[in-house]
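Sequences listed follow chains A and B, in order.
Positions 1 to 113 (this note's numbering) are the ones given, in order, by the first sequence.
Positions 1001 to 1116 (this note's numbering) are the ones given, in order, by the second sequence.
For the record, the hints were derived by calculation from the structure and aren't laboratory data.
Each residue gets a CB set at the ideal place from its N, CA and C atoms; glycine is no exception.
Each hint should be verified, as a subset may be incorrect.
[Stated by the list, open to error] Computed beta-carbon distance windows for the label pairs:
1. B/1003 with A/5: 41 to 47 Å
2. A/5 with B/1008: 31 to 37 Å
3. A/41 with B/1055: 26 to 32 Å
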Amino acid sequence: GNSVTQMEGPVTLSEEAFLTINCTYTATGYPSLFWYVQYPGEGLQLLLKATKADDKGSNKGFEATYRKETTSFHLEKGSVQVSDSAVYFCALSEGQAGTALIFGKGTTLSVSS
Amino acid sequence: EAEVAQSPRYKITEKSQAVAFWCDPISGHATLYWYRQILGQGPELLVQFQDESVVDDSQLPKDRFSAERLKGVDSTLKIQPAELGDSAMYLCASSLGLAGITDTQYFGPGTRLTVL
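Let the hints inform the model, and build the full structure from the sequences given.
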């Protein structure tokens, strides 16, 4: 079945460091890919998405490129801030309307000043 | 900005008691999802509605869990009786559910359930 694998956390960085969180997926079709972020005590917020191969999603300085050949959707940010500290979830859906998301286990990011 | 509403935010109950969670999706969203998120894990789907109809409840423990969306708007998830292993965050999400477009799900703040 479909699945998402994320790198294990926690990831601890200093402010202004470069961030990469790896995400790979297994899917039978051509899924849409998402990154969600969960700040402490809050629900999930959509960070960015990509719907087809080679698409790049971007938001708030974060970006991720849908790589079909490597079945990956790695999250990157050039310079992290303390306010980026949160749990990041990679997810996929088969792309059709009304399809439930399949999530990875999440990666905790902690940024110190 | 429209948001998904959930209540209560926190619930503490004893095992064998009944609990209920409520969700009000974004207006106009036809698809509604209930997910369960165990601490340290990603959310997993419990049940999915399209309007008032259940689309997928294959992962819902039907011996103790029930869900309804009677008028195709707000929804209630019930657990009876609660067990220790039900302690988790229960997340509601909604999406437009229109065919032919990539559907983005919007999540509520969740209900954190603790079963003692």
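**Report entry** Ascending list of hint numbers which this structure does not respect
**Finding:** Violated: hint 1 alone.
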